[in-house]
Amino acid sequence: MANPKKSLTFADFWYIPCLPVWVGKGINTNTMSQQKLPKRSENYAEWYNELVKRADLAENSAVRGCMVIKPYGYAIWEKMQAQLDRMFKETGHANAYFPLFVPKSFLEKEEGHAEGFAKECAVVTHYRLKVNPDKKGSLMVDPDSKLEEELIVRPTSEAVIWNTYKNWIQSYRDLPILLNQWANVVRWEMRTRLFLRTTEFLWQEGHTAHASAEEALKETRQMLEVYAEFAEKYMAVPVVKGIKTANERFAGAEETMCIEALMQDGKALQAGTSHFLGQNFAKAFDVKFLNKNNEQEYVFGTSWGVSTRLMGALVMAHSDDNGLVLPPSLAPIQVVIVPIYKTEEQLAAITEKVENIQLMLRAKGISVKFDTRDNLTPGFKFADWEMRGVPVRLAIGQKDLENNTIEVSRRDKERGEEGAKVSVNLDAVIGTIQQLLTDIQENIYQKAIDFRKKNTHTAHSYAEFKEILATKGGFVMAHWDGTTETELKIKEETKATIRCIPLNEPESEGVCIVTGKPSKKQVLFAQAY
RNA sequence: CGGGAUAUAGCGUAGUCCGGUCAUCGCGCCUGGUUUGGGACCAGGAGGUCGCAAGUUCGAAUCUUGCUAUCCCGACCA
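This note's numbering applies: residue -6 is where the first sequence begins, and numbers increase by one.
Calculated from the structure, these hints are not laboratory results. Errors might be hidden in some of the hints.
With a straight-line cut-off of 25 angstroms between C-alpha atoms, the simulated DSS-like cross-links for lysine-lysine are [as the list claims (entries may be wrong)]:
1. Lys260 / Lys484
2. Lys446 / Lys459
3. Lys281 / Lys102
4. Lys281 / Lys32
5. Lys513 / Lys459
6. Lys159 / Lys281
7. Lys446 / Lys357
8. Lys488 / Lys446
9. Lys346 / Lys281
10. Lys459 / Lys488
11. Lys482 / Lys513
12. Lys414 / Lys357
13. Lys112 / Lys123
14. Lys260 / Lys482
15. Lys440 / Lys482
16. Lys29 / Lys63
17. Lys484 / Lys510
18. Lys346 / Lys414
19. Lys488 / Lys447
20. Lys446 / Lys414
Label-pair restraints from in silico Cβ distances [claimed, not checked]:
21. Val61 / Glu502: 50 to 58 angstroms
22. His453 / Ala55: 37 to 45 angstroms
23. Glu457 / Glu411: 32 to 40 angstroms
If you're wondering where the values come from, they're calculated on a predicted model, not measured in any experiment. Quick reminder that beta carbons are idealized off the backbone N, C-alpha and C, glycines included.
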């Protein structure tokens, strides 16, 4: 699980395009002032739920299991999209769009896929409503509008896409096809949580077609690397890259690779998956190509995706009891400026200085917001922006004007912590901020790595395994005999699952902690979201 | 989908057992004034068919039934 420390420079992440979003409109400030956030140590789940709402990221909607992503939350998602999209294009992919609806007959074609998704599909059976004759002002489904064939709201798009690829592919010259789509999907969930599990969610799904298994496997692996790089460099969330066991594999895949992140409550979160589909979908949809030897062959496929669940990972990885902590690379507002004044004249003098600072910061590609709300005290604003996770806060008042200084606070340190707040000379503020943004990005990543290190344990016996899970949680490395039976037994008895067989874990001789059978490698266990 | 709980103004709530000046209080919101270096204060004001729909009753936030949504615990899952 080696994670070589990557040295970041400002240039590594500043370029995700973004103007500061307006926040503070359409919400009542009392959401912030009402009470403090529940503490992580006391009720982690409640802390998360409240934080997502109070940081203005998202809220529950009137529709069961579905969320409204609010402007501030969506701005973070847009920055994630912008960077991921760039990385997909750098690796040769293009975007396209396929339909929301999947005819039921398509979904049936790949057997494993069909069975995997059957239980969580929304089904469209009619195409029309009519006025209810028995009840004025109400609508009813028009029984005459029943569809010949039901349409499934896509839980994922393999079926539609492979049905299309069939028409696009004749020769090896048509390959590879390297596509991605940004879309929404629906999986009917029983229990939902904002971002982590919602009935409808936003994601990207890559779907590629290749002439050989080797090339498809290479693609699968490449996209896993893209996800890992994105998570670590931009989200500042360290991840373990690995392979899913047969039991946890995507429905319809030959092999599923994943990145797994550790949350602050010691539970694992699958942050992205990349699947080698083999020829499963090609066979199901009869997608063949003529190879160089003039032979018909089934096409090899991959698919890979990350979703708005990344937002949940981002929140749970870094935030504290005062609110959200955002990595500068994904923060919609990287710097907020709070004026402190008594008179209009003072405000005017402060504003003049601030305008200048804003121009210089924007010239460096840093998104900055000047908080001019005149109905709130500076103290309130401090707490407000802390809740929203803005990485750097500047405060400027009369004393600063006299001394040509400005107060600089960093969100990655707790209130009152050494270095959380410093006064700097106004002439040096731009350079200080640039450096600070880089430091924060690196610091929260390092903190997350340290946390993971402290919460990754090795179990040499089943008793020890249970003991670790019961008392400490976190990641547990242990030998496993490779059977689904053992995996299920462990899940049944401890609620921990095999998150993955880590790619970077060296082989080591040992015996399965449950059955005592020989094992060549330790695998990663955890209780998971 | 199984077990449990909840639903009263934008948010948090009192009242529900024992139907009848009960629609309470705090925050927020609006207006004015004083404030402003860590979640300001005073005064005045606006805002609610008590989740929705039926029913019982002279009368329902309160009792009955159904529905919907949310939360917690399970099973399922990115």
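Evaluated hints:
1. Lys260 / Lys484: holds (14 angstroms)
2. Lys446 / Lys459: Given that 25 angstroms is the threshold and the Cα spacing comes to 19 angstroms, the pair holds.
3. Lys281 / Lys102: holds (16 angstroms)
4. Lys281 / Lys32: Distance ~57 angstroms between Lys281 and Lys32 Cα, so the pair is violated.
5. Lys513 / Lys459: holds (21 angstroms)
6. Lys159 / Lys281: holds (7 angstroms)
7. Lys446 / Lys357: violated (35 angstroms)
8. Lys488 / Lys446: Roughly 22 angstroms between the alpha carbons, so the hint for Lys488 and Lys446 holds.
9. Lys346 / Lys281: violated (66 angstroms)
10. Lys459 / Lys488: Satisfied, since the Cα-Cα distance of roughly 10 angstroms is no more than 25 angstroms.
11. Lys482 / Lys513: Since the Cα atoms of Lys482 and Lys513 sit roughly 20 angstroms apart, the hinted pair holds (cutoff 25 angstroms).
12. Lys414 / Lys357: Holds. Lys414 to Lys357 sits at ~22 angstroms (cutoff 25 angstroms).
13. Lys112 / Lys123: Judged against 25 angstroms, a Cα distance of about 29 angstroms means the pair is violated.
14. Lys260 / Lys482: Measuring from Cα to Cα gives roughly 19 angstroms; hence the hint holds.
15. Lys440 / Lys482: Not OK: Lys440 and Lys482 at ~34 angstroms, beyond 25 angstroms, violated.
16. Lys29 / Lys63: This hinted pair holds, its Cα atoms lying about 21 angstroms apart.
17. Lys484 / Lys510: holds (18 angstroms)
18. Lys346 / Lys414: holds (20 angstroms)
19. Lys488 / Lys447: Distance of about 21 angstroms is within 25 angstroms: holds.
20. Lys446 / Lys414: violated (28 angstroms)
21. Val61 / Glu502: 50 to 58 angstroms: 53 angstroms Cβ-Cβ, so the 50 to 58 angstroms window holds.
22. His453 / Ala55: 37 to 45 angstroms: At 52 angstroms between Cβs, range violated.
23. Glu457 / Glu411: 32 to 40 angstroms: At roughly 38 angstroms between Cβ atoms, Glu411 and Glu457 fall inside 32 to 40 angstroms, so the hint holds.
The earlier numbered hints that this structure contradicts are 4, 7, 9, 13, 15, 20 and 22.
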